[in-house]
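Visitor: Chains as they are written, first to last, in the numbering used here: chain A, 11 to 516; chain B, 347 to 677; chain C, 228 to 418.
Note that these hints are calculated values from the structure, not bench results. Where a beta carbon is used, it is the ideal one built from N, C-alpha and C, also for glycine. Treat the hints with care, as some may be off.
[To be verified] So the derived list for chain B, only partly shown, Cβ under 10 Å to chain A, looks like this:
no., residue
1, Gly382
2, Gly384
3, Thr395
4, Gly414
5, Ala417
6, Ile418
7, Val518
8, Arg522
9, Val523
10, Leu540
11, Gly553
12, Lys555
13, Arg632
[Stated by the list, open to error] Over the 12 Å line for every Cβ pair with chain A, so calculated as not near, a few chain C residues:
no., residue
14, Pro314
15, Gly318
16, Ala336
17, Gly370
18, Leu400
19, Ala403
20, Glu404
21, Leu405
22, Val406
23, Leu412
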Amino acid sequence: MDALLAFLTVFTHPELLLLVGLGTFAGVYVGAIPGLSVTMAVSILISFTFSWDVLPAISLMIGIYMGGVYGGSRTAILLNIPGAPSAIATAMDGYPMAQRGEAGQAIGVTTVMSFFGGLIGIAVLALAAPAVSDFALSFQPRDYMLLAILGILLVGSLSTGSLVKGIFSGSLGLAIGAVGLDPLTFTERFTFGVPLLQGGISFIAVMIGMFGVSEALIQLQHVNSAAVRQKIDRIVPSWDTVKKHLPLSMQTSFIGVIIGALPGTGGDIAALMAYDHAKRVTKKPSRPFGKGAIEGLVAPETANNAAVGGAFIPMMTLGIPGDAVTAIMIGALFIHGLNPGPMLMVTQPDMFWVIVGALVTANAFMLLFGLTGIRLFTKIVELPRAVLIPLIMLLSIVGAYAVNNSVTDVYWMLGFGVFGYFMRHYGYPLGPVILGVILSRLLDDNWRRAIISDREDLGAFFHGILTSPLSLVLTVAVVLIFLSQTPLWRAAIGRLGQRRHRHAAG
Amino acid sequence: MKASILALAVAAAAATGAWADDAYPSKEIQGIIQWGAGGSTDTVMRAVTPHAAKALDGNIVMQNKTGGVGAIAMRYVQSQKADGYTLLMGAENPQMYKVLGLGTDDYSDMIPISVLARGVPIFVANNDAPYDNMAEFVEYAKANPGEVRVGSTGPGGLTSIVLAMLTSQADVEFTRVPFDGDGPALTALQGGALDVMPAVLGAAIEGVKAGRMKVIGLVDVEENPLLPGVEPITAALPGMSDYLPWGPFFGVFVKKGTPDPVVAELQAAYAEGAQNEDFRKLMADRGFTIMAIAGDEAMEFLDGYRSVSSWLVYDAGFAKKSPEEFGIARP
Amino acid sequence: MKADFRGDADHHDGTSDATPGGYEDSRRPGEAGFAALLAIGSGVLLWTAHGISGFEALSGPGSVPMAVTAAMLVSALAILARTIRLPRVAGETLRRDVLPGVVIVMALALAGFGLLLVPLGFVPAAFLFLVPAIRFLSGRGWGFSLAVGTGSLAAIWLIFRIVFTVLLPSGILPEAELVQALRGLFSGGEQ
Numbered sequence: 011m012d013a014l015l016a017f018l019t020v021f022t023h024p025e026l027l028l029l030v031g032l033g034t035f036a037g038v039y040v041g042a043i044p045g046l047s048v049t050m051a052v053s054i055l056i057s058f059t060f061s062w063d064v065l066p067a068i069s070l071m072i073g074i075y076m077g078g079v080y081g082g083s084r085t086a087i088l089l090n091i092p093g094a095p096s097a098i099a100t101a102m103d104g105y106p107m108a109q110r111g112e113a114g115q116a117i118g119v120t121t122v123m124s125f126f127g128g129l130i131g132i133a134v135l136a137l138a139a140p141a142v143s144d145f146a147l148s149f150q151p152r153d154y155m156l157l158a159i160l161g162i163l164l165v166g167s168l169s170t171g172s173l174v175k176g177i178f179s180g181s182l183g184l185a186i187g188a189v190g191l192d193p194l195t196f197t198e199r200f201t202f203g204v205p206l207l208q209g210g211i212s213f214i215a216v217m218i219g220m221f222g223v224s225e226a227l228i229q230l231q232h233v234n235s236a237a238v239r240q241k242i243d244r245i246v247p248s249w250d251t252v253k254k255h256l257p258l259s260m261q262t263s264f265i266g267v268i269i270g271a272l273p274g275t276g277g278d279i280a281a282l283m284a285y286d287h288a289k290r291v292t293k294k295p296s297r298p299f300g301k302g303a304i305e306g307l308v309a310p311e312t313a314n315n316a317a318v319g320g321a322f323i324p325m326m327t328l329g330i331p332g333d334a335v336t337a338i339m340i341g342a343l344f345i346h347g348l349n350p351g352p353m354l355m356v357t358q359p360d361m362f363w364v365i366v367g368a369l370v371t372a373n374a375f376m377l378l379f380g381l382t383g384i385r386l387f388t389k390i391v392e393l394p395r396a397v398l399i400p401l402i403m404l405l406s407i408v409g410a411y412a413v414n415n416s417v418t419d420v421y422w423m424l425g426f427g428v429f430g431y432f433m434r435h436y437g438y439p440l441g442p443v444i445l446g447v448i449l450s451r452l453l454d455d456n457w458r459r460a461i462i463s464d465r466e467d468l469g470a471f472f473h474g475i476l477t478s479p480l481s482l483v484l485t486v487a488v489v490l491i492f493l494s495q496t497p498l499w500r501a502a503i504g505r506l507g508q509r510r511h512r513h514a515a516g
Numbered sequence: 347m348k349a350s351i352l353a354l355a356v357a358a359a360a361a362t363g364a365w366a367d368d369a370y371p372s373k374e375i376q377g378i379i380q381w382g383a384g385g386s387t388d389t390v391m392r393a394v395t396p397h398a399a400k401a402l403d404g405n406i407v408m409q410n411k412t413g414g415v416g417a418i419a420m421r422y423v424q425s426q427k428a429d430g431y432t433l434l435m436g437a438e439n440p441q442m443y444k445v446l447g448l449g450t451d452d453y454s455d456m457i458p459i460s461v462l463a464r465g466v467p468i469f470v471a472n473n474d475a476p477y478d479n480m481a482e483f484v485e486y487a488k489a490n491p492g493e494v495r496v497g498s499t500g501p502g503g504l505t506s507i508v509l510a511m512l513t514s515q516a517d518v519e520f521t522r523v524p525f526d527g528d529g530p531a532l533t534a535l536q537g538g539a540l541d542v543m544p545a546v547l548g549a550a551i552e553g554v555k556a557g558r559m560k561v562i563g564l565v566d567v568e569e570n571p572l573l574p575g576v577e578p579i580t581a582a583l584p585g586m587s588d589y590l591p592w593g594p595f596f597g598v599f600v601k602k603g604t605p606d607p608v609v610a611e612l613q614a615a616y617a618e619g620a621q622n623e624d625f626r627k628l629m630a631d632r633g634f635t636i637m638a639i640a641g642d643e644a645m646e647f648l649d650g651y652r653s654v655s656s657w658l659v660y661d662a663g664f665a666k667k668s669p670e671e672f673g674i675a676r677p
Numbered sequence: 228m229k230a231d232f233r234g235d236a237d238h239h240d241g242t243s244d245a246t247p248g249g250y251e252d253s254r255r256p257g258e259a260g261f262a263a264l265l266a267i268g269s270g271v272l273l274w275t276a277h278g279i280s281g282f283e284a285l286s287g288p289g290s291v292p293m294a295v296t297a298a299m300l301v302s303a304l305a306i307l308a309r310t311i312r313l314p315r316v317a318g319e320t321l322r323r324d325v326l327p328g329v330v331i332v333m334a335l336a337l338a339g340f341g342l343l344l345v346p347l348g349f350v351p352a353a354f355l356f357l358v359p360a361i362r363f364l365s366g367r368g369w370g371f372s373l374a375v376g377t378g379s380l381a382a383i384w385l386i387f388r389i390v391f392t393v394l395l396p397s398g399i400l401p402e403a404e405l406v407q408a409l410r411g412l413f414s415g416g417e418q
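One chain only, chain A, in its complex shape (with noise of 0.2 Å):
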């Protein structure tokens, strides 16, 4: 009953709802712009909620949350530059539509499965969450490494031209994520002694430049063509759109959850496993993945707003951050007198239930702004290029710096943009930089922590990855995915097809 009525709060508190809507509705926005992240703003909130009491000042941070993982996608659709690393998928088969005047059908559809994924977070997080944190808590380092090499197989998905292109991506975006000063031993790793290199080179300003700089780089040599007239009549998708795509929904929703709530990984890696997922088990794809596939904007924008409530779980439960923003949010439950731990489920669990009732809020916020206001988004791709061009590269500037302060992350974006447009032309996939600059710490960390941990034992090394059921479950996962992308077994089965096919005909 208390727990109902802990629930409620914000929605029986006219001024918590007012927060959490206007939380949202700035979210989208920043969300939408790269380079203005959720982190940024929830940080600048600490400051700026000092005063108040707890609940309005997480209300806020809340909305701000959820409105800012589905902004991501809205650049990402009309644009081809995710706002956010966790819409890089998106832009996949979002701007496609976009080209086709369909933008207004990929925002909708995009909505809608953001709303439902988040409803899936949230649900797992109310009704699961200490089953949940003990299951995260209980992945050891070699866990760690071998979620990070299952992600940088997605390598073979991310590169549709050619597969060797894309494990050069790969590597070299594993290879920039290791620049600067390691954090575990201080030792200077391609710094090539510049002191300027020691602090690394941010994966948001690689980002900013791989996709908007080179994006707008690219559009130069279109800047006179007119724009795609947008139709924007049918929004909300139809209910049998939803039905068909809601088995997959489920599926990519909880690869959402539960990457979510492992500390260490969060939405970005849950959006391109998802979008792996969805490549992997939808047989007949509304239209090829790439070229405008819906099934290619339902996985990662349901599993990113998953990744939300799956986020909160660890730190609702034990006060550990299952991602950036939730760290910033202990950090202003400190602040406002709370103690975040395991404690603060016995002593206040009230506090549990007011923070999903905001979720629930923001994500029915979500829905709302998402659906309506699309017009002045698709106004913005109808703007003259000539215009849109140099505004987004002034963005891209701006963006870079403000990730830390910093005129170093601003020359490395501008570097990647120039790169990253030859990587265009010739045929370079750019996701997998991406994916190897978010892998990197995961994997070069923990295959270090689990090999020193095994005192630099090889042997004991594999034993215990063949005697922890969760290890072995891992690493079965690997070698199958593995082997399903080396052209050895396409052959195999493509053989195998061929000889069905002639038993057929004979």
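With the hints as your guide, set chains B and C onto chain A.
Guide: Leaving out everything else, chains B and C in the frame of chain A:
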């Protein structure tokens, strides 16, 4: 001079409640936080600064500038004008930059505005570990060399120094698993990937209260109110008292050469901010001891920290340069 | 592999990873040079990675960098070997199809923006970039460019500097004083 500017500032503040041309602060002040958003330095600074800003009647905008174990932020502040409009909000790490070869400056090259608070290190262990106090732990580690997996947060970090203290007193050997911060390491401890972790009290206290890990040692000379019944480490290892009390700290600094009146105003503002009731409660809950010291007192504390830590690190063999090179005296 | 290739039918500049640029069976102007550069770069990086900690331990800070740069080098060499064997695509030139004048001009303008960002400050540098860029790309008058450029710069500055308190390089502009004056104006009004 000093008095007249102060008087002017007070007058301006009283008269208009806004700003005056010739008084400090006449514009926004930048606070550069050395560590990322959500970390403990970030939390402490964001908790105290609004109170200090109020006392100063100014505006302090905080920014996180991470990387290079905080050296990037320090280098940035040292490259700005010495006018009191750029503050460094940092933790203890810079005191080790010189011996670890991470940077050319440390806090002795800056002016302390306030050393706000100090943390107490403790040893926590996985609940299943077969030892409950320091004596048992040392005995177990001696009997099984290299078997205990201890979390570590990089050379010069809290864990490396506390372990250096311990190994200077007892001949023990561990497997040190590196983590980038005590948060992830404590998570790994709960998941069973680590056996023991030296951490600052505030980071572990909630997990301890909930029974998810156990305290096996308090690295201090006296008992702590948050951990009743846990005896200080000096009871089992009396030699440790040479180094203690010792602990990580948080402080606000400006570049050397900042005008005295400005320094005085900032010091006064942070001293007042640190007295705020909410801030004191927050720090007490997290197990931090409020210090709020400035001037010579702060310099003395900072030098003491640097001398103990630098020589420990040097004697343990992972310093790049000898503390003697920088004129750091042996404690 | 061939069946999988889904290049863009209209242009070959790679709209997204799912529709990669380039051609399956011929190389674009400059492609071989680019591949050679990547191979050389990978070699340098591998050498640097070896210098981090060598082969001292499996857990050394240089182990993973060495593995990934080795993968870079091997794949870059494979790409290079394949690329130089392909025939050049007919009818494309580097100047027209890969690096047209407008791209070079804008890339140089961006580089100039980046270099002037600190000494000049964000607002002046952005102004010097934005207005001529709009004028150059749109071919419309200075009035139009000035209005659109100044308006959008003001909006971006307000969002980042005031709302998100991102301290953009102030350079020659007394930005902090300006912000303080703005704030003083508002708070003065309220009190």
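Visitor: Taking the hints in turn, state whether each one holds.
Guide: Quick rundown of the hints versus the structure:
1. Taken as an interface hint, glycine 382 of chain B checks out: its beta carbon lies about 8 Å from the nearest beta carbon of chain A, inside 10 Å.
2. For glycine 384 of chain B, the shortest C-beta to C-beta distance to chain A is roughly 3 Å, which falls under 10 Å, so the interface hint holds.
3. Among the interface hints, the one on threonine 395 of chain B holds; its C-beta lies about 8 Å from the nearest C-beta in chain A, closer than the 10 Å criterion.
4. Given hint, glycine 414 of chain B at the interface with chain A, holds; its Cβ is 4 Å from that chain's nearest Cβ, closer than 10 Å.
5. For alanine 417 of chain B, the suggested interface contact is upheld, since its CB lies about 7 Å from the closest CB of chain A, less than 10 Å.
6. With a cut of 10 Å, the hint placing isoleucine 418 of chain B at the interface with chain A holds, because the nearest CB-to-CB distance is about 5 Å.
7. Hint status for valine 518 of chain B relative to chain A: violated, with the closest Cβ pair at about 16 Å, above 10 Å.
8. Annotation: arginine 522 of chain B was flagged as interfacial toward chain A, and the flag holds, the nearest CB pair being 7 Å apart, inside 10 Å.
9. Among the interface hints, the one on valine 523 of chain B holds; its C-beta lies about 5 Å from the nearest C-beta in chain A, closer than the 10 Å criterion.
10. Among the interface hints, the one on leucine 540 of chain B holds; its C-beta lies about 8 Å from the nearest C-beta in chain A, closer than the 10 Å criterion.
11. Annotation: glycine 553 of chain B was flagged as interfacial toward chain A, and the flag holds, the nearest CB pair being 6 Å apart, inside 10 Å.
12. Contact between lysine 555 of chain B and chain A, as hinted, is supported at the beta carbon level, the nearest pair being about 5 Å apart and thus within 10 Å.
13. Here the hint on arginine 632 of chain B is kept, as its CB sits about 7 Å from the closest CB of chain A, short of 10 Å.
14. No beta-carbon of chain A is positioned within 12 Å of the beta-carbon of proline 314 of chain C; the least distance is around 15 Å.
15. With a least CB separation of 16 Å from chain A, glycine 318 of chain C remains clear of the 12 Å interface cut-off, as annotated.
16. Its beta-carbon lying about 8 Å from the closest one in chain A, alanine 336 of chain C breaks the requirement of being farther than 12 Å from that chain.
17. At the 12 Å boundary, the C-beta of glycine 370 of chain C stays outside the reach of chain A, the nearest C-beta of that chain being 14 Å off.
18. Listed as outside the interface, leucine 400 of chain C is consistent with that label: its C-beta sits roughly 15 Å from the nearest C-beta of chain A, beyond the 12 Å cut-off.
19. Chain A leaves alanine 403 of chain C outside its interface by the beta-carbon criterion, the shortest separation being 14 Å against a cut-off of 12 Å.
20. For glutamate 404 of chain C, the shortest C-beta to C-beta distance to chain A comes to about 20 Å, beyond the 12 Å cut-off, and the non-interface label holds.
21. Separation of leucine 405 of chain C from chain A is adequate, the least Cβ-Cβ distance of about 18 Å exceeding the 12 Å criterion.
22. Listed as outside the interface, valine 406 of chain C is consistent with that label: its C-beta sits roughly 15 Å from the nearest C-beta of chain A, beyond the 12 Å cut-off.
23. For leucine 412 of chain C, the condition that its CB be more than 12 Å from all CB atoms of chain A holds, with the nearest at approximately 20 Å.
Consistency note: the structure conflicts with the earlier hints numbered 7, 16.
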